[in-house]
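Generate the whole structure from the sequences, applying the supplied hints.
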Amino acid sequence: MSYIVIEGLHKKYDETTVLSNIAMTIEKGQFITLLGPSGCGKSTILRIVAGLTDATAGSIQIEGKNMKGIEPKERQVGMVFQSYALFPNMTVKENIAFGLRMQKVNNAEIEERVQEMLAIVHLTEKSNAYPKELSGGQQQRVALARALIVRPKVLLLDEPLSALDAQIRKKLQADLRAIQRQLEMTMILVTHDQDEAMAVSDKIFVMNNGEIAQSGTPTTIYTHPKSEFIASFIGHYNVFPRQTLETMIGMQLPGHHLKFAIRPEAVHIDKQDGDYCLSGVAIQSLMTGNIIRTTFKSDCVFAMEQLHQREQTLEIGKRYTCYVAKEDVIALL
Amino acid sequence: MKKRSFAQIIFLLLISYLLIPIVATMLYAFSSKWHKTIFPEGLTFKWLATLFQDTDFIQAFGRSVLLAGGAVIIALIVIVPAIFVIVLYFPKYEKWIQVAVVMVYSFPGIILAVGLIRVYSTVGVPMILVVLGAYVIGILPYIYQGTRNSLRNVDARQLLDAAQLLGATKTQAFTNILLPTVYPGLFAGALLSFSVLFGEFVLINLVVGSRFETVQIYLMKKLSTSGHIASAVVFIYLVLMGLLTFAIAIVTKRSKGVMKI
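Residue numbers (our numbering), protein chains in the order written: chain A, 1 to 333; chain B, 1 to 261.
The set of hints was computed from the structure by calculation and includes no laboratory data. All residues carry an ideal CB built from backbone N, CA and C; glycine is no exception. Do not take every clue at face value.
[Said to hold, decoys possible] Partner residues aside, some chain A positions facing chain B, computed with beta carbon under 8 Å:
1) 73
2) 88
3) 102
4) 103
[Said to hold, decoys possible] Below, in silico cross-link-like pairs of lysine-lysine (DSS-like), each with a Cα-Cα straight-line distance of 27 Å or less:
5) 65(A) x 28(A)
6) 170(B) x 104(A)
7) 92(B) x 12(A)
8) 126(A) x 170(A)
9) 271(A) x 318(A)
10) 170(B) x 65(A)
11) 170(B) x 153(A)
12) 226(A) x 326(A)
13) 68(A) x 170(B)
14) 12(A) x 95(B)
15) 203(A) x 171(A)
16) 132(A) x 170(A)
17) 153(A) x 104(A)
18) 36(B) x 221(B)
19) 297(A) x 318(A)
20) 12(A) x 170(B)
21) 170(B) x 132(A)
22) 259(A) x 271(A)
23) 203(A) x 153(A)
Spelled out as structure tokens, the structure:
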């Protein structure tokens with residue numbers, strides 16, 4: 001049996017359905033991400049798992065034990081909040097030790113475990129500082145240490161990095177993944193940042209309108225999006241109606257699917273045998289560091305992404321023929 | 001430049017208009033004689049000494065402290081937990097507290113006094129307790145604002161959730177985390193309430209009168225017998241209010257430190 005099993009989870013606030021028929025299985029030691037736009041219900045799932053919100057229907061089992069009616073403090077579930085939720089009246093050390101004090105662990109063990117945790121999150125020198133004296137990144141690391149020290153069965157992370165700037169966020173993503181692997185802890189991360197989800201997860205559940213739209217490994221989700229929503233949300237795919245794409249490539253596509261998606265980086269200028277060809281006028285070119293994103297206008301607008309190389313710079317207003325491999329044309333549901 | 005001077009003159013005039021009566025009253029409390037001169041003819045501590053030797057004043061002062069302090073303590077015990085529960089768990093009912101707050105502001109003291117006398121004078125409840133009850137409700141706006149703002153500034157609900165997930169009971173989370181965190185706002189609200197109630201005259205005078213002589217009623221009586229003693233009472237009152245204002249300023253400054261988090 002899986003480590004965490006969520007079955008038939010529903011949540012309604014008055015007449016508004018927030019979650020509908022959520023089912024998930026999570027294995028021990030996995031890093032899971034709930035990915036979706038704001039308001040899709042992903043944070044509500046975390047709150048229900050933590051016992052902070054009641055589900056309207058459905059069940060949650062952790063290590064085979066049904067969590068119905070079990071108080072948050074009895075669930076052995078840790079949580080890191082977006083706003084850190086550090087106790088402002090306590091120092092870093094006191095914040096981290098709080099959970100152990102509640103468990104009435106003796107002082108010597110508390111001291112030892114707090115020092116160990118401070119070392120893991122690289123905050124030993126800040127142990128006597130108050131939260132308001134720390135940067136956002138440091139506060140988030142304290143929140144992480146405070147949640148980890150009680151050795152929860154599962155750690156819930158509710159958009160913990162979204163308030164931080166890009167550079168610190170990337171560093172903390174790597175730290176988070178390293179700590180998760182070091183402690184072999186089961187973690188569930190909620191985020192609306194697809195890059196973050198791809199970078200840290202073993203498995204991603206993409207959510208939309210209170211339902212799971214698709215689940216799988218980051219590679220599966222990215223390379224085989226099931227629907228137009230996933231294709232647009234995950235990878236800025238080019239999405240074509242069947243008829244438009246058939247007109248553009250000048251041949252019939254197999255199957256009966258109504259829409260098809262093509263990753264922008266799968267579109268290229270050099271022809272290879274068996275490729276479909278797409279013709280269009282270059283109308284815009286955006287350089288984002290090492291990637292150039294060129295937009296073409298044809299029967300519909302599509303984009304191509306290439307590595308930034310001088311000899312491949314395209315001229316705006318000029319017509320180009322682009323190519324895409326047959327296996328990179330993905331049929332959507 | 002001219003504009004600036006004009007503004008400065010207006011400002012000086014305004015400050016003088018506000019301060020002269022206060023300064024004059026305070027000087028009068030220390031003047032041995034001040035009848036036909038611009039400034040006092042001599043200074044003395046006689047009036048203050050007389051005041052502190054007057055057991056009526058000491059008792060009136062004690063009653064004022066007891067009444068105002070008692071009302072604040074009752075409000076802290078009864079109203080604060082209610083505000084905590086409503087703000088944290090039933091925010092949709094908060095509008096009813098806001099209605100109550102507005103009603104407290106909108107009822108003139110005289111109407112309130114007449115209403116209290118008509119309703120309670122015949123039911124056998126001691127009228128001083130009726131005034132105490134009215135005081136508790138009267139300071140609802142100060143206690144509510146202080147508590148609610150402190151709770152919102154620190155995202156109290158999330159602190160409570162975090163503490164509970166770390167193994168704390170609701171009571172432990174309340175006493176170990178929330179109370180120390182919102183204490184500055186709460187303390188400022190309590191001090192403000194105390195200073196407002198300490199100076200209250202209309203309700204206590206109309207409902208209870210000289211049967212329970214507070215500092216304000218004592219002051220009213222002294223106004224007709226000795227201007228110097230009355231000024232000395234005002235001086236003591238102003239010193240007390242000054243100390244309370246200073247304490248509120250310090251506490252509020254501290255609470256701003258908490259808000260940054």
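Against the structure, the hints:
no.	hint	result
1	73	holds, 5 Å
2	88	holds, 5 Å
3	102	holds, 4 Å
4	103	holds, 6 Å
5	65(A) x 28(A)	holds, 14 Å
6	170(B) x 104(A)	holds, 17 Å
7	92(B) x 12(A)	holds, 17 Å
8	126(A) x 170(A)	holds, 22 Å
9	271(A) x 318(A)	holds, 18 Å
10	170(B) x 65(A)	holds, 24 Å
11	170(B) x 153(A)	holds, 22 Å
12	226(A) x 326(A)	holds, 17 Å
13	68(A) x 170(B)	holds, 19 Å
14	12(A) x 95(B)	holds, 24 Å
15	203(A) x 171(A)	holds, 21 Å
16	132(A) x 170(A)	holds, 23 Å
17	153(A) x 104(A)	holds, 19 Å
18	36(B) x 221(B)	holds, 25 Å
19	297(A) x 318(A)	holds, 10 Å
20	12(A) x 170(B)	holds, 25 Å
21	170(B) x 132(A)	holds, 25 Å
22	259(A) x 271(A)	holds, 24 Å
23	203(A) x 153(A)	holds, 18 Å
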